[in-house]
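So the sequences go chain by chain: R and F. To convert, note that position 203 of the first sequence is 203 in my numbering; the numbers rise steadily by one, no gaps. To convert, note that position 71 of the second sequence is 71 in my numbering; the numbers rise steadily by one, no gaps.
Treat the hints as calculated values from the structure; they're not laboratory data. The beta carbon of each residue, even a glycine, is placed where N, CA and C say it ideally should be. Treat the hints with care, since some could be wrong.
[Said to hold, decoys possible] Label pairs and their in silico Cβ distance ranges:
id	chain 1	residue 1	chain 2	residue 2	range
1	R	Gln176	F	Lys12	48 to 58 Å
2	R	Ser194	F	Leu38	21 to 31 Å
3	R	Lys324	F	Thr128	47 to 57 Å
4	R	Phe124	F	Leu185	48 to 58 Å
5	F	Thr14	R	Leu189	28 to 38 Å
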Amino acid sequence: MAKKVLMRGTHVLGEAAIRAGCRAYFGYPITPQNELPEYMAAAFVKMDDAVFLQAESELASINMVIGASVAGARVMTSSSSPGVSLKQEGISYLAGMELPAVVVNMMRGGPGLGNIAPSQSDYFQATRGGGHGDYRTIVLAPAYGQEIADMTVAAFDLADHYRTPVMILGDGMMGQMMEPVVLPEPVDLASLPSKDWLLDGCAGRPSRIMRSLWLDPPLLEELNWRLARKYEAITREIPDQEMYLLDDADLVVAAYGTAARIAKGAVHRAREMGIRVGLYRPKTLWPFPAEALAQMSRSIGEIIVFELNIGQMVEDVRLAVEGKCGVSFYGRPGGVVPTPEELARIISSTYHKLESRRHGGADISGEAGLRAVGSV
Amino acid sequence: MKKVFSRPRSLKETPFHYCPGCGHSVIHRLVAEVIDELGLRERTVGVPPAGCAVLAYNYFDVDMVEAPHGRAAAVATGIKRILPDRVVFTYQGDGDIAAIGTAETIHAANRGERVTCIFVNNAVYGMTGGQMAPTTLLGQVTTTSPQGRLARREGNPLDLSQMLAVAAGSVYIERTSVTSPKNILKTRKAIKKAFLTQLEDKGFSLVEILSPCPTNWKMTPSEAIRWVDESMTKFFPLKVIKDAV
Ligand SMILES: Cc1ncc(C[n+]2csc(CCOP(=O)(O)OP(=O)(O)O)c2C)c(N)n1
Ligand code: SF4
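With the sequences and hints as input, model every part of the structure.
Below you can see the structure in the form of structure tokens.
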């Protein structure tokens, strides 16, 4: 049986990337993710076939990613919110040129410089494309050390398979957390599928071009429809979620990443109070795993969406349930991380509100302390 | 009969879209000739910019990847680091290399990336319709410096090549033009030396080529050539700027 090792999240991510065949890393320092480039630098300097380069900016690093990807390497860059904003131009080009790459965002509080505390402020940026143009980025949201390892391997495989950039969306707390994990087996680079599109000089074949410029609208439309079909396939094939204690649930908390860990603790506490509540945790944020949520929506009273922001994923939840059940939101933005107790109180008051509504009574639950923005 | 003029193998048959009298056509040809002469066609990857030369991938018969505006040096860095035995060149206008891409270029030069930049200086933004460029001369009228460039208002022209010469990793930098057969030959020699600098693993190389843009200068091709020779070379003198090969 594979051995468990105790490692912090950023190091798990770096080690899993190397074992997944990542041989190029380009980045620019920003807290809270510096342990990842530092891990890559220390590892790659000892490897003959790997490239680590600290670039002059996030703009430069994402464009180095484009170069390394076009040359055929499994390549990764990482940053945190302000740096990921700068990478958006390059991510759009990666999508347009259909180039695989893995981009890590260990989110922090925003907007602007914000702070370096854990946050989920970039859900919209990550799941809506982020840069200009009609595209999507696959977004994976690990919540546990083991998932960081597994999803990092999956990220490289998905990027190659669909020829598209893949984002791993975490936060500073996740990056720091020490947890036992089983690391993946290193892949044999020679066993990876060959890339019949890469640019390495046209020896023995016609020259190739890689571009995202299509001056003729019908040609660009063709690219856009091709991308749309690819995104449809991804939406069919990879949505994934954890369904925790949902079989008998009247009430559901929907949360991802670090927020989902807090939510799990809150669900346990609420269960101890006799509240039938479960957790719905998207593991893919784009494509959003809407199907399972839609099915559930007919049998439950309300979904409380809990995020470390002012309400972003809540929009996808509302879209998924199409008004078939109530959706409310509880969030703590700005890097504030609430305790499970705090969220358990929200669950409890929502539950009692539902109960009294169900029994036709007056709403007796207090709204005090509820930082909810709107209930549908 | 001896054939004196034929299409270089490294150019496709696609006819150029450039305006009559534009320097890009000549410069494309010179780069292709050098690639042929050094036998590099099958190990070269080119990086064209956003700019009038954005369609260079339709002309060069080598592997080509289009870079976002200004980012060619970073894209080239990524390619070269993965494929160190290939030859990587960028082809960039003055706006691309000396305004939006200044940081990428300076840092690639300073790291001594083994890449070659072909820097086409036509003192305007050609593709977007003749706006002021970082290399626009003082007094020069463009669509965004309608009264002529004034140092106090629009800032001074920037001599990027001179700046790059200061970077420790740059090895060979020369400024040439394509205004006469003699200058064209000199440009060809400079391009060859720049590629050889890369092949010999010496460091960063760049050739800045003063190039006429008759369309946006609102001149005839021959007036444009004269303007390069008489006006541009005053601020951008033709010379070897750095040779540490
Ligand atoms: C991010 C971004 N900003 C602006 C543009 C628009 N744009 C395209 S080419 C160009 C400048 C072209 O001038 P230059 O680099 O001097 O090349 P030339 O066309 O003169 O050969 C600009 C501003 C763009 N493509 N991308
Ligand atoms: S606009 Fe100027 S640079 Fe562009 S093709 Fe015409 S002459 Fe050449």
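Evaluation of the provided hints:
1. Checked against the given bound of 48 to 58 Å, the beta carbons of Gln176/R and Lys12/F, roughly 53 Å apart, stay inside it.
2. Separated by about 29 Å at the C-beta atoms, Ser194/R and Leu38/F satisfy the suggested range of 21 to 31 Å.
3. The given range of 47 to 57 Å is respected by Lys324/R and Thr128/F, whose C-beta atoms sit roughly 51 Å from each other.
4. Separation of Phe124/R from Leu185/F is about 57 Å and conforms to the stated range, judged on CB atoms against 48 to 58 Å.
5. For Thr14/F paired with Leu189/R, a C-beta distance near 37 Å keeps the hint of 28 to 38 Å intact.
Of the numbered hints given earlier, the model fails none.
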